[in-house]
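Student: Hey, can you work out the whole structure from these sequences and the hints?
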Amino acid sequence: MRLTVNGRNHDVDAAPDTALLYVLRNDLELNGPKYGCGLGECGACAVLIDGIAARACVIPIEGCAGRDIVTLEGLGSREHPDPVQDAFIHEQAAQCGYCLNGMIITTKALLTRNPNPSEHEVLEALRYNLCRCGAHVEIVRAAMRAAGHPFEARD
Numbered sequence: 001m002r003l004t005v006n007g008r009n010h011d012v013d014a015a016p017d018t019a020l021l022y023v024l025r026n027d028l029e030l031n032g033p034k035y036g037c038g039l040g041e042c043g044a045c046a047v048l049i050d051g052i053a054a055r056a057c058v059i060p061i062e063g064c065a066g067r068d069i070v071t072l073e074g075l076g077s078r079e080h081p082d083p084v085q086d087a088f089i090h091e092q093a094a095q096c097g098y099c100l101n102g103m104i105i106t107t108k109a110l111l112t113r114n115p116n117p118s119e120h121e122v123l124e125a126l127r128y129n130l131c132r133c134g135a136h137v138e139i140v141r142a143a144m145r146a147a148g149h150p151f152e153a154r155d
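Counting along the sequence shown from 1, when you hit position 58 you're at 58 in UniProt numbering, and nothing is skipped either side.
If you're looking for bench data, these hints aren't it; they were derived computationally from the structure.
One or more of the hints may lead you astray.
Using C-beta positions, here's what the derived DEER-type ranges look like [stated by the list, open to error]: (1) GLY148 to ASP11: 36 to 44 angstroms; (2) ASN26 to GLU124: 27 to 35 angstroms; (3) ARG132 to ASN26: 39 to 47 angstroms; (4) PRO150 to ASN26: 16 to 24 angstroms; (5) PRO16 to PRO150: 21 to 29 angstroms; (6) PRO83 to ILE52: 36 to 44 angstroms.
Note that this is a predicted model, so its numbers are computed, not measured.
We put the CB at the ideal spot given by N, CA and C, even for glycine.
Tutor: Put into structure tokens, the structure is as follows:
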């Protein structure tokens, strides 16, 4: 099966019902998406599929052929981070960092469909991404900064 991930085509030898997350991590060595709950509930495994945030742990690869898949690694580089990644770095929006993949991917998807979201819209978009460390204040600040509204989020 051929998958397009981060702008590159990859021929994958896996069963059609294999979860996209396993192919990304095990076959393509893309470790941005994390294994969290395995049920599509926590958001740690989020990727963009055709620009929409999706939970890679519950999506079989057969549904991904011919679609544009972007992982955290495909957003930017260390030298040239995506504006969302840059905002998360600037706001120090991490403690353990496990949830960051999902938070960044979800923020990127939100800003793609709504470049000027309100704080309420940011909170609504991120509400299904779980963070055990309690870094939500910084995460919301980072999302607001990426949207061009630095420091609008309230503590």
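Student: Each hint should be assessed against the structure and marked as holding or not.
Tutor: Comparing the hints with the structure gives:
A C-beta distance of roughly 40 angstroms is found between GLY148 and ASP11, which places it inside the suggested range of 36 to 44 angstroms. Between ASN26 and GLU124 the C-beta distance comes to about 33 angstroms, which sits within the given range of 27 to 35 angstroms. Look at ARG132 against ASN26: about 25 angstroms separates their beta carbons, and that is not inside 39 to 47 angstroms. In this structure the hint that PRO150 and ASN26 lie 16 to 24 angstroms apart at CB is violated, the actual value being about 38 angstroms.
Roughly 45 angstroms separates the CB atoms of PRO16 and PRO150, a value that falls outside the hinted 21 to 29 angstroms. At roughly 19 angstroms, the beta carbons of PRO83 and ILE52 sit outside the given window of 36 to 44 angstroms.
Going down the numbered hints, you'll see the structure goes against 3, 4, 5, 6, while the others check out.
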